[in-house]
Amino acid sequence: MKLQDPRPGKWQLFRIWAAIGLQSFGGGASTTFLIQRAFIEKHKWLSIEEFSYLWNLCILTPGINLVALTVLIGKKLGGTWGIAISLAGMLLPSATITCLLAAIFIQIENIAAVQAIFRGVIPATGGILLVVGLNFALPLIRKGYKEGFFFLIVSGVLTIACALAVIFLKLSVIIVILGAAFLGTLFFSSRSAPPLHEEEQGEPQ
Amino acid sequence: MIDPFIYFLLFLKASLFSTGGFSNLPSLHQDLIASGWAKEADFGHSIAIGQISPGPNGLWVISLGYLTYGLPGALLALIAITLPALLVLVVSAGYARIEHQSWVQGAMRGVSLAVVGLLLAVVWTILHQPGVDWKGTLIAGGAFGLALSRKVNILIILGLAGLAGYLLYR
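Chains as they are written, first to last, in the working numbering: chain A, -6 to 198; chain B, 13 to 182.
It is worth saying that the hints were derived from the structure and are not from the lab. Among the clues, some could well be false.
What the hints assert, rightly or not - Using C-beta positions, here's what the derived DEER-type ranges look like:
hint: 1; chain 1: B; residue 1: L150; chain 2: A; residue 2: P(-1); range: 37 to 47 Å
hint: 2; chain 1: B; residue 1: W146; chain 2: A; residue 2: F161; range: 13 to 23 Å
hint: 3; chain 1: A; residue 1: L131; chain 2: B; residue 2: N165; range: 21 to 31 Å
hint: 4; chain 1: B; residue 1: F29; chain 2: A; residue 2: E140; range: 30 to 40 Å
hint: 5; chain 1: A; residue 1: A96; chain 2: B; residue 2: E52; range: 15 to 25 Å
hint: 6; chain 1: B; residue 1: G82; chain 2: A; residue 2: V107; range: 16 to 26 Å
hint: 7; chain 1: B; residue 1: I110; chain 2: A; residue 2: L131; range: 21 to 31 Å
hint: 8; chain 1: B; residue 1: R182; chain 2: A; residue 2: E140; range: 49 to 59 Å
hint: 9; chain 1: B; residue 1: G82; chain 2: A; residue 2: E140; range: 49 to 59 Å
hint: 10; chain 1: B; residue 1: L160; chain 2: A; residue 2: I153; range: 16 to 26 Å
hint: 11; chain 1: B; residue 1: L95; chain 2: A; residue 2: Q5; range: 23 to 33 Å
hint: 12; chain 1: A; residue 1: K139; chain 2: B; residue 2: L28; range: 36 to 46 Å
hint: 13; chain 1: B; residue 1: L167; chain 2: A; residue 2: Q5; range: 15 to 25 Å
As the list claims (entries may be wrong) - Under the rule of at most 25 Å between Cα atoms (straight-line distance), these lysine to any residue pairs were calculated in the SDA-like manner:
hint: 14; chain 1: B; residue 1: K163; chain 2: A; residue 2: R135
hint: 15; chain 1: B; residue 1: K25; chain 2: A; residue 2: V166
hint: 16; chain 1: A; residue 1: K37; chain 2: B; residue 2: A108
All C-beta atoms, glycine included, are put in the ideal place defined by N, C-alpha and C.
Whole structure, please, built from the sequences with the hints as guidance.
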């Protein structure tokens, strides 16, 4: 995948991450959305396939996936310095505001208007998260479509089964991911596409 | 009296044995209630603050740190959620060695599909919280459409949703 923009400077990288951290109200949904928009769509430093690859690594890592993703993107764009700058940009401004809000929250939590606003904001985060999921799903749908109907159906069933397993069977996330990895090995191994890792792939989109 | 070192270790442990922003909750809940360092209400408050404050969902832990132990608590919580994330470098290096095996490709594709499914599950959970009625579902649909168009800033979407909530539920 060809990078279309030059690598960011340190200050630029910090500003981008700070903007993502500060703008991402409503939790992880909007954060992922903003990261996709900034690094894939606006600056074209990453492709969506690369992004998915990095994201999968984060899923396999303990802790907050988005912080791990910050580490990986930071490393890719600026090495060790990139990691430090990206983490600082992502976490410090937003953590500071979280502290401030924690202090303010105690004062206003019982006001009816505040509760009403929350009742509007919370479902909106659900809608935004659905777009994030769609962004993740598109390359997989395309791949399945190319391989034929059977693989498209298997992909769809596996996705829905994972959702249902968490919602209704209350299975732990880790078990669901391991199960999907196992089923993926069974169904997709022979059909494996070339690695998503950009160093191995010179071809343009 | 809070022992800062033990307090930090409890947060670190919760973070190390979790995936995603909220899965460290049960562990922290158990430990901090047992030690008497947090009240039941602190958890509800922290999660609510996490919803409205900027940054990843996982930063709710920072408000938990603040509510239970002030600024030192917030700082210790921040460190405790940052350190495990660096393990991704180890995962990344290990994965680079095996990624060319065809079973790894298949497995990762399964994981990618699971991620989509898990996101759907979170959407479902959000839309089935108490307080989300059919009007809330409409707000979710509107936010989905606006976000899908890629033309509207996320803050504007959430601002509109907050305004809608204010007008509908006040």
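Hints versus structure:
no.	hint	verdict
1	L150/B with P(-1)/A: 37 to 47 Å	44 Å, holds
2	W146/B with F161/A: 13 to 23 Å	22 Å, holds
3	L131/A with N165/B: 21 to 31 Å	22 Å, holds
4	F29/B with E140/A: 30 to 40 Å	37 Å, holds
5	A96/A with E52/B: 15 to 25 Å	20 Å, holds
6	G82/B with V107/A: 16 to 26 Å	23 Å, holds
7	I110/B with L131/A: 21 to 31 Å	26 Å, holds
8	R182/B with E140/A: 49 to 59 Å	52 Å, holds
9	G82/B with E140/A: 49 to 59 Å	56 Å, holds
10	L160/B with I153/A: 16 to 26 Å	20 Å, holds
11	L95/B with Q5/A: 23 to 33 Å	26 Å, holds
12	K139/A with L28/B: 36 to 46 Å	39 Å, holds
13	L167/B with Q5/A: 15 to 25 Å	21 Å, holds
14	K163/B with R135/A	24 Å, holds
15	K25/B with V166/A	18 Å, holds
16	K37/A with A108/B	23 Å, holds
Every hint, counting from the list given before, is met by this structure.
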